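Please dock the two separately framed chains into a single complex, following the hints provided.
Quick note, the sequences are listed as chains A and B, same order. Every letter in the first sequence is one number past the one before it in our numbering, and letter 204, counting from 1, is 525. Every letter in the second sequence is one number past the one before it in our numbering, and letter 150, counting from 1, is 309.
Because the hints were derived from the structure by calculation, they are not lab data. Be a bit skeptical, because a hint or two may be false.
Stated by the list, open to error - Sample of chain B residues lacking proximity to chain A, with all beta carbon distances greater than 12 Å (derived):
| no. | residue |
| --- | --- |
| 1 | D254 |
| 2 | S308 |
| 3 | E337 |
| 4 | G437 |
To be verified - Where chain B lies over chain A, by a calculated footprint (3+ residues, C-beta under 8 Å):
| no. | stretch |
| --- | --- |
| 5 | 374-382 |
| 6 | 423-429 |
| 7 | 522-531 |
| 8 | 536-549 |
None of the values given here were measured: they were computed from a predicted structure. Even for Gly, the Cβ is constructed at its ideal location relative to N, Cα and C.
Spelled out, the chains give:
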Amino acid sequence: MEILVCARRVPDTSENEIEFNAAGNDIERDELVYSVNEADNYAVEEALQIRDRVGGSVTVVTVDGEEGEEILRRELAMGVNHAALVSDDAFNGSDGKGIATILKAFVEKGHYDLILTGVQADDGAAQVGGMVAAMLDYPFASLVNSIALEDGKLRVSREIEGGNREINEIDLPCVLSIQTGINEPRYVGMRGIRQVASVPIPTLAISDLAIDPDAVGEGAAKVKRVDYFVPASSKEAELLHGSRAENANRVLELLAAKGGLK
Amino acid sequence: MPRIFAYVVHRGGIADDSAAELAAAARKIDPTAAPTAILTGWGPDLDAAGSSLASSFAEIWKVANEALGYPNSELVRQALVQVLPPGSIVLVPHDHFGIDLSPGLSLKLNSAFVSDVLAIDGLEGNSLKLVRQEFGGQVNTHVRCDISSGAVINVRPGAFKAQPNDAPSGVVIDKSSEAGTLVARRRYLETIVAEAGDIDITKQSVLVSIGRGIQEKDNVGLAEELAEVLGAAVSCSRPVVDAKWMEKSRQVGSSGKTVKPKVYLACGISGAFQHLAGIKGSPFLIAINKNPKAPIFQVADVGIVDDLLEFLPELTNKARELRGVAAK
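In isolation and in its complexed conformation, chain B is listed as follows (with noise of 0.2 Å):
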């Protein structure tokens, strides 16, 4: 069996949710698995994650180099192929990170490369199968993966379940010697931190939230006349970003803001996960898409097969009767 390792990303000393995510994700591939965390990074910083690691993983090893201390992906990857066991079976958070780093890192071990795993069916012989999605999340594919020479395994956030496990003593094992010198031709500079937008979206308990559905620009107002008689604000998933229809601070998702209303009505959101990701505190989910298939359906308390342009100016309607009739 071959060793499995979790990459951990941690920040300001702290290991992110996602290593007890992988630890999990490494017992489906074994249950009998005790995979290593492999974390890198400089200075107190890494040695407060590396520590805190301990009740999770029984063996920690840790690459510290100054040139680690922002986890440039070009560097990591280095590092990384000068630590690794030839053979290992590497998992990484599917984010912003380990898109960066995981295709490249699997070409430069000799290993196979999954992306964006949800679930992981278990091994036989060297054949690992798993599941992913495709076309935005509407079908899923199981996939067989050779880890005859090793894997490198990207999962998807939030995929699999944090377990309690008992025995790990937790020893930090030093690697830094052997990360080898690392040549950086991408270098990092600076993070520009998002624009707060005329609307703060996070604080809102009700959110009309428009997709690709909407279909064009001038259909957005559809949405915020709902939203002006329902007291609510408009938010928006990423092609409505994309193509310019609404300001990226409206954006709910992984790229984009992170909202815990009561009430989350989605409009021709198709429902990808990097949207769903930004829909935290289980609002109660309504959702009106014209495609009956589509995956929001399948996390919304309750759905609507309408096309959105004929019925959000029916609900505001509604609303505005509902409305006056209070008022009198």
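So here's chain A without its partners, still in its complex pose (with noise of 0.2 Å):
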């Protein structure tokens, strides 16, 4: 099975505040901890185990700047075959669609049976995955928890309401976004990563991939962000600043009050 996995280095919110910059159009970056994005580790994880049953090879292909190369290594040390990243200031400020037109010129390189993303990233638009697969016309399924290989096809079960899971057959080459909770990814520490350090990382280029430059980038987005802004909160708590024993006194109290001490 020759798997594909796109990833994407994102800010690590749970390392993070998330500030805005002085001119309120976007965050404050120069201080963040980046890493791979959640969901996407556990999609290469999950192909890393798909690969190890079946056989095969995995690539992880990343669209970014060349701070990019920082996960790539990072997934080489995990186990993956390959890795590439798509570099190009002509797609500055695309959107989900004009990722989706990037990543789908990458898969037409190659040979994919499979293609995993992560069920979203930092923008929660869990949206590239579902996009690549139409352009390439092959089958998708989100939020998916699990995959096993059966017939040629795969049995994937889905993440629905209430814990519930829905059991799908989708046919070869297909597009899953990955569900974080699907496996236990491996542990890469900074030794792994300094063993693939002079592994080479291709960059693929606009011209590379053939890409219409009209199709992607800021000209083509149907879809911009305008700024970024404070939530209005239709309450707000009531924040106690107290020293830890008043405030875990008051919490006792708020407690018996509301009927939470039995």
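Set out below in structure tokens:
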């Protein structure tokens, strides 16, 4: 099985408080800790496990600036066979469809049976996998939380409401968006990343992929971010400012008052 | 003005609450809009759901096909692409079905796609201004969408309040013959219902609920000790289940359980909307989080900015003291 995983480098929200820049049109990115998007990490692990069961290879691709190499090194250390960075100034300002257009062109340069993405990234849009599938005219399933290979097809389960699972059979080649929790991604240490430090990672530009410049970038984007702002909240929590012990006592008083102490 | 459609999710002959929310969202795009409901399915359930929409929509487009008996997004997409007029604005609930359907639908309709929309600021020419969130709800963002070739817009469930409306006559129009041939390369087999866990968190009056802030499996015990003293149960948010620190049956949220306790202690939970969707009945919500910007503080009644791993043992000790005194 030849598997492609589309991954993305994102600010790690568990490590960062997100702040705006002075102009309010972007977040303050200078101090941010970046890592591979969480769902993408599960997708890579799933690809590796499938490869180890049935053979084949795993390729990871990312559309990014040269910083994208960081996460590709990490995926190489996890054990993927190939990594590729797709990078070109012409891609700046692409919307979801633009990114999908770039990835579709990359897919068509190879021969993949299975294409995985994370279910969503930091923008929470959950859109690129489904768009790539539609562009390639491949079948698609989102929110996938298990994959089994049966008779040349896949049996996948999707996470639906209430923790229920929807079981589907899906033909190959296909695109699946992977939900977090599908597996237990292997640990990658600094040592592992150092070991792949000299593995060459090819960079492909717009001309290498024969992408129409009018189909990508800001000019092609039908959806554009205008600004960031602080969510207006209907109610604001009353913050307790006492000592830890005082706060604990106050919580217990509130619990008693609200029927929370039996 | 392009025609606005609301894709109606229905089950067992009953339209989902999201139908009226989509109608409200449509009127935010165009206050004079008479949105059209569109629903797909098969048999008496489809007919019943369609008729029930007569009080919310002036026109209801029905696409009946045996292959659409289960809402397989691949087949629904094929039908919608045939039936929808070019340039339409299509509103879809942002749930597991909308996530499955809409990106590909927008592509096949050659229209724009905006995901998980919370609010709509209005239309200027062909530019629709909408509100989304990024970074797990930590920031809001305005986006502009060029609707000149139509748009598919996924609307966050619960974000728009259903509005009473006056006029509709509620005509059901059968569009089944326009759906064309439907070919599945993805076939629905069955639904596996979530296993019940050792403790039913939906029946608890107090929940000590833990999130990513608990940091590692060994710390789950801190929450369990507190819950024991309080006579409460421990529930959790998605990252805790993803990390295999707790069973799926303890998860609160749209992909987990819906709970309605009297008091909810959100410990190290950021407050993503998928989690909040699982908390009903307006419990008294106490949030403990070391990040003062965590979205949970926007919905909590009381907040404490502190390190969970320090605060929980303190709270447990104080609760034990209180119990000890009470017992004497």
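Indices of hints not satisfied (ascending) | 1, 2, 4, 5, 6, 7
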